[in-house]
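Student: If you want the building blocks of each chain, they are given just below.
Protein chains: 2
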Amino acid sequence: MGAPDRDEDPQITLDGTQHADLEEIERAIMQISWLSQRQFMQLLDEERFNMTLPQFYSLLHLHQMRDPCKMSDLAEATQQSAASLTGIVDRLLEKQLVERTRHVRDRRQVMVVVTPQGSSLIAKIKQARHEQMQAALGHLGAEDIDTLLRLLDQVLLSMLRVLERGDTHRWA
Amino acid sequence: MGAPDRDEDPQITLDGTQHADLEEIERAIMQISWLSQRQFMQLLDEERFNMTLPQFYSLLHLHQMRDPCKMSDLAEATQQSAASLTGIVDRLLEKQLVERTRHVRDRRQVMVVVTPQGSSLIAKIKQARHEQMQAALGHLGAEDIDTLLRLLDQVLLSMLRVLERGDTHRWA
DNA sequence: ATAAATATTCAATGTTGTTAAGTATATCAT
DNA sequence: ATGATATACTTAACAACATTGAATATTTAT
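Line order of the protein sequences matches chains X and C.
Residue 405 in the numbering used here sits at position 20 of the first sequence, with consecutive numbering throughout.
Residue 417 in the numbering used here sits at position 32 of the second sequence, with consecutive numbering throughout.
Derived from the structure by calculation, the hints contain no laboratory data.
Wrong hints could be hidden among the right ones.
Since the list gives no way to pick out one identical chain from another, each pair is judged satisfied if it fits inside one copy or across any two copies.
Only pairs whose alpha carbons sit at most 25 angstroms apart, straight line, appear in this in silico DMTMM-like list of lysine to aspartate or glutamate [stated by the list, open to error]:
1. K509 x E484
2. K511 x D538
3. K511 x E408
4. K509 x E408
5. K511 x E431
6. K509 x D406
7. K509 x E411
8. K455 x D491
9. K511 x D475
10. K511 x D406
11. K509 x E479
Whenever a hint applies, use it, and build me the whole structure from the sequences.
Tutor: Next comes the structure, spelled out in structure tokens:
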């Protein structure tokens, strides 16, 4: 990731003021996403955690749900295919971070729950990640934090909406 | 990814105002990173592009550099190991998106350059990605875009600084 | 010339991604 | 009830990448 593309002109709006291009934001988001995932991947790879990104995000969702969660729901929430998820849950199971049961009524459904060990690991990882991100976020002022959070949540909600629509669209 | 963790209290600051927690931002960045990379992965996977994320980010860096780039520099810039990169560049080479040469003076070094085909593909992918992200960003006002860009670039620069320090620290 | 340092590739292994096919259970129509 | 269809998930086969450590090639130092 080299220097940002700065060779494009800013937009000229009707009122004559100059505003940044949307593509600048896209570049920033892409770059931050790539770098932060890389950085996080290395953290998860340490012996004390020994996890992969897909495993973490799957476990994180189960932790947030607390109650048993269908495989298909977990797959949709984490944007992973059911086939991939089977192997991922297999490995979480080996480490005793989750438990797999069958739904009582509909025995086709496989339900997964996080174990206390799983929740405890998530807490440790969140703490380690917090320390890691402190370096990138620590210098932000309280005002900036509020603003950034508001904008990021706006972006995130739009993304989630798109994904939901995208899923229904895919099966249409 | 389920509903955001909202069960943590906001920070109470000295002046009595309530401000969002840094951890909220961390959550948002993690979630956006994961989702946007997933979404982008699916886009790159379409037949017209037929690329993977590591391939794209490697090619993107070469595109931004324009001039030939050492394997080790590319590895550092994209945060990939030299060993991984060899295979990735192999596949870019097969698709004729890059060319590999030896450095004239120091023939240990392998130099990689993007081809015109490679640059053209990057442009097409950027366009497709732009349309994809329009859905998540299109509703932002001009003010918000400026603000968000400023904050994201701040975060990005901090991350880059950390990575540089982290690299020198790792080999020390 | 020999040794040491550097840059990259190769080989072996594990996780995740894909698609397609397979198995088990549930539901619906007759 | 029985047979067809749909649903939920797993399995299988293969490609892409991640890791590590060994091997190779080239340069630099003695």
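Student: Work down the list of hints and note, for each, if the structure agrees.
Tutor: Against the structure, the hints:
Proximity of K509 to E484 under the C-alpha cut-off of 25 angstroms is restricted to the intra-copy arrangement: shortest distance 20 angstroms within a copy versus 44 angstroms between copies. Within a single copy, K511 and D538 get their C-alpha atoms as close as 19 angstroms, and across copies as close as 24 angstroms, so both meet the 25 angstroms cut-off. In this homomeric assembly, K511 and E408 come within 25 angstroms of each other (Cα to Cα) only across copies, at 9 angstroms, whereas the closest approach inside a single copy is 31 angstroms. For a Cα distance limit of 25 angstroms, the shortest separation of K509 from E408 across copies, 14 angstroms, qualifies, whereas the shortest one inside one copy, 36 angstroms, does not.
Taking the shortest alpha-carbon separations for K511 and E431, only the intra-copy value of 14 angstroms comes in at or below 25 angstroms, while the best inter-copy value is 34 angstroms. In this assembly of identical chains, the alpha carbons of K509 and D406 lie at most 25 angstroms apart only when taken from different copies (18 angstroms versus 39 angstroms within one copy). In the homo-oligomer, the alpha carbons of K509 and E411 lie at most 25 angstroms apart only across protomers (15 angstroms), although the nearest pairing inside one protomer, at 32 angstroms, exceeds that limit. Proximity of K455 and D491 under a CA criterion of 25 angstroms is satisfied intra-copy only: 11 angstroms inside one chain copy versus 57 angstroms between copies.
Within a single copy, K511 and D475 get their C-alpha atoms as close as 23 angstroms, which meets the 25 angstroms cut-off; across copies the closest is 37 angstroms, which misses it. Taking the shortest alpha-carbon separations for K511 and D406, only the inter-copy value of 14 angstroms comes in at or below 25 angstroms, while the best intra-copy value is 34 angstroms. Taking identical chains as interchangeable, the C-alpha atoms of K509 and E479 lie at most 25 angstroms apart only when both belong to the same chain, with a minimum of 19 angstroms there against 43 angstroms between chains.
Every hint from the earlier list agrees with this structure, and none is contradicted.
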